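Heads up: the sequence lines are chains A, B and C, in that order. Counting from 351, one number per residue, gives the positions in the first sequence under the numbering used here. Counting from 398, one number per residue, gives the positions in the second sequence under the numbering used here. Counting from 342, one number per residue, gives the positions in the third sequence under the numbering used here.
In case anyone wonders, no lab produced these hints; they're calculated from the structure. A quick note: this is a predicted structure, and the numbers were derived from the prediction, not measured. The beta-carbon is built from N, C-alpha and C at its ideal position, and this holds for glycine as well. If a hint is listed, it holds; no wrong ones were tucked in.
Below, computed lysine-lysine pairings styled on DSSO-like, alpha-carbon distance capped at 30 angstroms:
id: 1; chain 1: A; residue 1: K516; chain 2: A; residue 2: K717
id: 2; chain 1: B; residue 1: K507; chain 2: A; residue 2: K551
id: 3; chain 1: A; residue 1: K690; chain 2: A; residue 2: K473
id: 4; chain 1: A; residue 1: K499; chain 2: A; residue 2: K474
id: 5; chain 1: A; residue 1: K499; chain 2: B; residue 2: K507
id: 6; chain 1: A; residue 1: K499; chain 2: A; residue 2: K516
id: 7; chain 1: A; residue 1: K381; chain 2: A; residue 2: K499
id: 8; chain 1: B; residue 1: K507; chain 2: A; residue 2: K474
id: 9; chain 1: A; residue 1: K613; chain 2: A; residue 2: K632
id: 10; chain 1: A; residue 1: K736; chain 2: A; residue 2: K717
id: 11; chain 1: A; residue 1: K473; chain 2: A; residue 2: K709
id: 12; chain 1: A; residue 1: K473; chain 2: B; residue 2: K507
Output of the computed footprint for chain A on chain C, the stretches with three or more beta carbons under 8 angstroms from beta carbons of chain A:
id: 13; segment: 349-355
id: 14; segment: 455-462
id: 15; segment: 553-561
id: 16; segment: 602-611
Among the chain B residues that face chain C by a calculated CB cut under 8 angstroms, a handful are:
id: 17; residue: P474
id: 18; residue: L481
id: 19; residue: L668
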Amino acid sequence: MRSLTVAIAALLASAALFASESALAQERTVKITGFGAKSGVVRVFGVNSEAALKAAAEEINNAGGVTLGDGTKAKIVIEFLDDRCNAEEGISVIRRIASTDAFVAVGPTCSNVAESLFGILQKKVGDSSDSGLQFPIIADVAAKGGLAKISEWAFRNVPSEFEMYKSLFAWLKTQHPDLKTIYGGVEKDFAHSNATFGVMKEQAALNGFQLVGQSEWLLADTTFSTQVREMKRADADIVAISAHPFTTCGVLKEMERQSVKPKLLIGLTSSSSIETLQGCAKQAEGIIIPTSFAPVTPEAKMAAERVAKFGGSADLHSAAAYEIMFILKDVIEAQKIMAKPDTVAADRVKMREGLAALKETKGLLGKVRRTPDREAIKPFLYVHAKDGSWQVLYNPAS
Amino acid sequence: MDFYLGLAQIIGIHTLLGLSAYCVLLTGQVSLAQAGFFAIGAYVAAMLTVLAEWPLIAALLAAALIAGTVACAVGFPALRVKGLMLVVATIAFGEAVRLFFFNFDYQVTKGNIRVGPLGGEGFRQIRYFPEHGWSTLEVVLFVWTVVTLIMVALWWMDQSRAGAVLRAVGEDEVAAQSTGINITAVKVSAMTVGGVIAGAGGGIFAHYTTHIEHGQFGVVLATFAIAYPILGGLSNVFGTLLAVLFIQGFLIEGLRFLGDWRNLLFGALILLAMNIRPRGLLDAGAIAALRHLTYRKEATGA
Amino acid sequence: MELLDLIDTVQSIADGVLFGATYAMLGIGFTLVFGVMHKINLAYAAASIGAAYASLLILAGVNAPAAVVFLLAALAGGVLGGIVYVVCFRFIPLANPLATLMSTVGLLLLIDEIIVHETQGVPLAYPALFSDVIVRVGPFGLRGDLMFVFALGCISMVVLLLLLYRTKLGLATRAVSQQPTAAQLCGISVDRVNGLTFVVTGVVGGVAGAMTGAAIGMLSPLLSLPLTVKGLIVTVIGGLGSIPGAIIAGLLVGGFENVFQFFRGVSERDLYVMLLLFAFLVFRPGGMFQPSSARD
Numbered sequence: 351m352r353s354l355t356v357a358i359a360a361l362l363a364s365a366a367l368f369a370s371e372s373a374l375a376q377e378r379t380v381k382i383t384g385f386g387a388k389s390g391v392v393r394v395f396g397v398n399s400e401a402a403l404k405a406a407a408e409e410i411n412n413a414g415g416v417t418l419g420d421g422t423k424a425k426i427v428i429e430f431l432d433d434r435c436n437a438e439e440g441i442s443v444i445r446r447i448a449s450t451d452a453f454v455a456v457g458p459t460c461s462n463v464a465e466s467l468f469g470i471l472q473k474k475v476g477d478s479s480d481s482g483l484q485f486p487i488i489a490d491v492a493a494k495g496g497l498a499k500i501s502e503w504a505f506r507n508v509p510s511e512f513e514m515y516k517s518l519f520a521w522l523k524t525q526h527p528d529l530k531t532i533y534g535g536v537e538k539d540f541a542h543s544n545a546t547f548g549v550m551k552e553q554a555a556l557n558g559f560q561l562v563g564q565s566e567w568l569l570a571d572t573t574f575s576t577q578v579r580e581m582k583r584a585d586a587d588i589v590a591i592s593a594h595p596f597t598t599c600g601v602l603k604e605m606e607r608q609s610v611k612p613k614l615l616i617g618l619t620s621s622s623s624i625e626t627l628q629g630c631a632k633q634a635e636g637i638i639i640p641t642s643f644a645p646v647t648p649e650a651k652m653a654a655e656r657v658a659k660f661g662g663s664a665d666l667h668s669a670a671a672y673e674i675m676f677i678l679k680d681v682i683e684a685q686k687i688m689a690k691p692d693t694v695a696a697d698r699v700k701m702r703e704g705l706a707a708l709k710e711t712k713g714l715l716g717k718v719r720r721t722p723d724r725e726a727i728k729p730f731l732y733v734h735a736k737d738g739s740w741q742v743l744y745n746p747a748s
Numbered sequence: 398m399d400f401y402l403g404l405a406q407i408i409g410i411h412t413l414l415g416l417s418a419y420c421v422l423l424t425g426q427v428s429l430a431q432a433g434f435f436a437i438g439a440y441v442a443a444m445l446t447v448l449a450e451w452p453l454i455a456a457l458l459a460a461a462l463i464a465g466t467v468a469c470a471v472g473f474p475a476l477r478v479k480g481l482m483l484v485v486a487t488i489a490f491g492e493a494v495r496l497f498f499f500n501f502d503y504q505v506t507k508g509n510i511r512v513g514p515l516g517g518e519g520f521r522q523i524r525y526f527p528e529h530g531w532s533t534l535e536v537v538l539f540v541w542t543v544v545t546l547i548m549v550a551l552w553w554m555d556q557s558r559a560g561a562v563l564r565a566v567g568e569d570e571v572a573a574q575s576t577g578i579n580i581t582a583v584k585v586s587a588m589t590v591g592g593v594i595a596g597a598g599g600g601i602f603a604h605y606t607t608h609i610e611h612g613q614f615g616v617v618l619a620t621f622a623i624a625y626p627i628l629g630g631l632s633n634v635f636g637t638l639l640a641v642l643f644i645q646g647f648l649i650e651g652l653r654f655l656g657d658w659r660n661l662l663f664g665a666l667i668l669l670a671m672n673i674r675p676r677g678l679l680d681a682g683a684i685a686a687l688r689h690l691t692y693r694k695e696a697t698g699a
Numbered sequence: 342m343e344l345l346d347l348i349d350t351v352q353s354i355a356d357g358v359l360f361g362a363t364y365a366m367l368g369i370g371f372t373l374v375f376g377v378m379h380k381i382n383l384a385y386a387a388a389s390i391g392a393a394y395a396s397l398l399i400l401a402g403v404n405a406p407a408a409v410v411f412l413l414a415a416l417a418g419g420v421l422g423g424i425v426y427v428v429c430f431r432f433i434p435l436a437n438p439l440a441t442l443m444s445t446v447g448l449l450l451l452i453d454e455i456i457v458h459e460t461q462g463v464p465l466a467y468p469a470l471f472s473d474v475i476v477r478v479g480p481f482g483l484r485g486d487l488m489f490v491f492a493l494g495c496i497s498m499v500v501l502l503l504l505l506y507r508t509k510l511g512l513a514t515r516a517v518s519q520q521p522t523a524a525q526l527c528g529i530s531v532d533r534v535n536g537l538t539f540v541v542t543g544v545v546g547g548v549a550g551a552m553t554g555a556a557i558g559m560l561s562p563l564l565s566l567p568l569t570v571k572g573l574i575v576t577v578i579g580g581l582g583s584i585p586g587a588i589i590a591g592l593l594v595g596g597f598e599n600v601f602q603f604f605r606g607v608s609e610r611d612l613y614v615m616l617l618l619f620a621f622l623v624f625r626p627g628g629m630f631q632p633s634s635a636r637d
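Could you put together the complete structure from these sequences and hints?
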């Protein structure tokens, strides 16, 4: 009798186990690898991107996951690799990812890594004489102008600084018709700052502002007295600084020291982050920066909370990573990607086709247009530093 | 597979960088200028293949030669300073080279785009390998042929009188001079050979990364260059190879699974390695032990 | 040249020389380590910046007066100096200078990574003393906080020279660096003396790091490598082992930097600084003040 009870219990237990196992067997996972800089001065970007990718993945998984080509639902698993903002390591990382079953990778953080990575990709799809890597990469942070042009396997979801500054200067002209002159400052040895400065100058001129001079410095510079004195002599109405938080704060502090108070201050997109506020909130008061992210829409607010849960903060860079997860989900489902070990090559081609075919994607601030050379035109707004935080100054979309 | 082949390429390129510093370290000169010669090799080779459309081997030879000539020119003033002063002088030279390329613009229109080095933006689209359809395996074989040739040459030199002369100068200059060795010739030749090797390595590096810019050739790369021979041990060329394998293969790629800890361990492990084996991983003691083992095996075998 | 241009040039030079006071402070420590102790410690600048970071992180948001932060930085510098000695020099035989070079490089990388991990690489604001004081001399304005740094540098020089030449520790340090074996025969504990000297230079480094942070207004992990290179240049130009040389060389380098920048722009500035160094190495390899005791 007793042995019978034990036998029935064992049978029930194994039946339950079998049932749960088969339930587990139904659950497939798709691994998506992000990569970026998690060491050095730019570590915060990698940390934020990783948090954003994981937050987005969790949201997708909670809603049931992504539907694969054969109808099964799969959960997304995020892995994040560190390329240390180094081109050689970036190449190693992408080769490592490409040697697995992955069919897409999200990254890198640094523009110089992106240059090398996009350079090793096959330039034109279908060119059999080109032995470049055939693997789609979609960049979340690397913002130097024109990178996706390098290869048809390269995609980016970064804001178009051309559009943002064009709109900003036009708007400023309408808001402040009395302001005539502008003075620029630029970090000469940082490709991104340098390129954006060119955009700033061009757009300022096109909107009727007169460029009365520019000052230059290097990204690790620590003293700006000569540059700020030149700025003081020029006595322009507007000062535009195309530099990252460290030197932006250095210049702003020197401006305070020399009592240089322009009527308007404009900054670089990347400086609209907590770094600037942590370094020089008082001196940065009032600086206007166009950005492609601020928690102004319900989606954006939710995203900001979710990313914070994963230990990162949502800014224009990590928001791009967050959006990318949803773009990838849509492409996986639209292209019916199978995500099986024997469909890897086909999946990569499908992913590339899918990304290239997109005309429009969902952004956290609204619809994002995609261009034929695989870049993004994102909705943007202007923020300004006020009372130690970034607040929305004006939303062109409203 | 591609991943391991890619890793082999990196190890090959860094071995060349390490060997260039090895040559110079043998004569007792701590040169942090190898990154500068590496940069010269990179830019020259890239400009020749992209702008002048030279074949790769010719471009690499030219790059190595030009880097070697610059190294020779650096070798003479380097004679006047010793020890820490040489370290500082070579750092300054390396930085000067880097700053030169930071300010260097030379663009040419090809088709409908402008190509060539553009100052701070760097030099992009050095796509000789993919454009000529080289597979990863072919590139690995090419890189390692160059590395092997140079390693064999250096090893052979080590076994010959030239090696003894170099090491003699490195150990004790005064004693070496009193036996009639021409210190100037030895030190300058070592610097020149180091420059040639670094130039070749730089040329291959440019084609590997497809994009070069001044920031890649700074003090960090120069430090890696001398780290390899010091960590590996100066008794043997294979020490440098072992150190490159240790740093690039183990510390950078192998420890990747540790995530954030990898970067902390990087410095810590170098520290540990230097404390435990101050003469390098493959120092004279280790080589003697290895030799003893092989001889003992032979003895018992016979 | 217009009067305004002339005033601007002089002001630029003055600003450069004053900022050079921070290089001078760093150079003092460098020249002690490299010149007096004959040890190549490439982790020195990183440890100094690390000490400044430590002073901020220990206080962790507490709004302490600047002087307290500087004091903490000095203490942290001392501790770090001791750590540098134990980890990089204590266990490596003297006959292996290359190994100690490499071990300090390893420590430099480690300190940088620890800083990056603790702060996510984000620059931190650093408190300053006298930051809003501008001394007006005619049409020129001189930064008060930098003059304070210069004063501190001079005080450190006096204290250190007293330490080196008037105390037993200083005597022992000089003995150990000149003739370690003979010093041991005289009963001097080489390890203890070296360790203590590293702690002292660490304190100097901590103050230098704090002053640099105060002068810039911020700390960033970006600083360690450029400061290492500058510190080395200042040490070589000033003469290895000469503390007054380090101060003057620091001011000189600061001044020349601004001169080069004023006339040739920021892209070529550092190139000319390198050329200045080469000029010194060619025409005066001993530096400006080559002390008779220090020979390399």
